[in-house]
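Following the hints, position chain B against chain A.
Those protein sequences? They're chains A and B, same order as listed. At position 66 of the first sequence (counting the first as 1) the number is 66 in the working numbering, and the numbers step up by one without a gap. At position 64 of the second sequence (counting the first as 1) the number is 321 in the working numbering, and the numbers step up by one without a gap.
Warning: the hint list may mix true and false statements.
Unchecked claim - Computed list of chain A residues with no C-beta within reach of chain B, every gap over 10 Å: (1) A69; (2) T143; (3) Q241.
Said to hold, decoys possible - In silico lysine-lysine, DSSO-like type, Cα no more than 30 Å apart, as pairs: (4) K328/B / K291/B; (5) K184/A / K350/B; (6) K238/A / K350/B; (7) K238/A / K184/A; (8) K184/A / K3/A; (9) K291/B / K343/B.
Keep in mind that the hints were calculated from the coordinates and are not lab data. None of these values were measured; they are calculated from a predicted model. Yeah, the Cβ is synthetic: ideal placement off N, Cα and C, and Gly gets one too.
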Amino acid sequence: MQKPEVLLRRALPGLTLLSLIPLWEIACRVFEIPAFVLPSPSAIAGAFADVEMSRWLGHLWATLRVALAGFAISLAISIPLAVLMVRSPFLSRTLYPLLVVIQSTPIVAIAPLIIVMFGTGWAPRLTITSLITFFPLVVSATTGMLATPPELIELSRSLRNSPTREIWYVRLPYAVPHLFSGMKVAVTLAIIGAVVAEFVAAEEGLGYFVQFSTSYFKIPQAFAALLFLSIVSLALFKGVQVLQALFFRWSLPKEKN
Amino acid sequence: MKPHVRFDNVSHAYPSENGPPVEAIRNLNFSIDKGEFVAVLGPSGCGKSTLLRLLAGLFEPTSGLVSVYDKAVVGPQENTGIVFQKPTLLPWKNVLENVLFPIRYKSGRPSSDDIAQAKSLLAMVGLGDFERHMPDQLSGGMQQRVGIARALLLDPEILIMDEPFSALDALTREEMGFDLLRIWRQRPKTVLFITHSIAEAALLADRVLVLSERPATLLEEVRIDLPRPRTAETIHERAFSDYTHRLRELIYQPRLKVVAGGAPNKEAHHAKA
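Bound-form chain A, shown alone (with noise of 0.2 Å):
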């Protein structure tokens, strides 16, 4: 395969990214779309600069401790309780109608709620990210855990197994692929997460800083705040499947030549 053809693939996306800027700025200037409905890519570049760094960074470390101690939880309980419904038909099927509502219920809606309960500290922000972000985690690790082939469940158990062995030697490696897909998603949730949190009770962070600038009318900074966001969840996508190919190769889906 040719070096160039496969750089100008992979550069594909960014490019076509970045060629709706300059159409962006042209069609902002031509049609004169007023700023509090659509800013231009140049107000909100200007915007950006206008607020200091160390405050971006400020306001980016904020909701991206809440986003991943959020999401670190929600992984700490997913895993085990996983572990528990694959082991246990009773517990599997008492729990999951509860999981099911649980993630059918709107979290935004219940955030007011949580904020009531837990009061303004850390803890109603942890309880929000880790509540959006649990069903993903739970469903793709039971998922992956079943999908263990029959046959390598009779031979662990013609090795007289016992049943933590048999989950911790050929269960949990088997639910490694699917729990990579269900922790893309959950991760990019976490941030919506940490956001919606923050809009409902916070001084600091990306979402607060999205919705002080609109109640300020500064709408290119809230603009500003919006693409850091979506910047920093493609981030963490990205570092989800880096962490995978580091540490999973086995586990990447085979490429086609």
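Frame of chain A, contents of chain B only:
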């Protein structure tokens, strides 16, 4: 000489959610001597795999007794190695680690002896140069060789093989058959080999147990008196084709009777449908 493995009046039925239990095998009686290669031949879905799982101790028969050296098989057996239809290797472990899996699984750390044993088994199945490869880098036949090496790691007395070559293409399949015979000569085991290939059964086995359709009963035992070592030449011998004819007749006879209308198995057919 005491037989190594014995099935006495073994029947097995699976419970079904709606309706009566599904009978898989009925009143099986046979025995296998130590070091003997026995093939079990029968139509698809006739309960051959049940037989294998009973001997492996993965579950117990509804009635009757499965025994090894006159000791009832209760629970999974230490002295049996299993090769499955699909290689079922661990995709996250390399070839050597896959062969060592039973040791890792049982006791955690393989000794240097274990590793040497795994390496010599890999060399024996022709994969000496592939220790560090990952399973998805191997062809289906090579993966199944790893599966065979893994089954032999704990040096079991009994080797159970469940249609191990049925997922392979015809050429690889024939090659694997001869390789298995060579391995069996080097490491003599009592082998129970499940297959639905008539030629494979006749080529490999000392004795072929022909099973009926579900519920499986023993139609006949055919002793294959072909000289060993058997080679590609064996296939062209008159005696070999006589055996395959005989086996084919045994397999198809009951079905022909069904078509003709006077079937002993007719009811079973309806029950299945």
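Exercise. So which of the earlier hints does this model not fit?
Worked result: none
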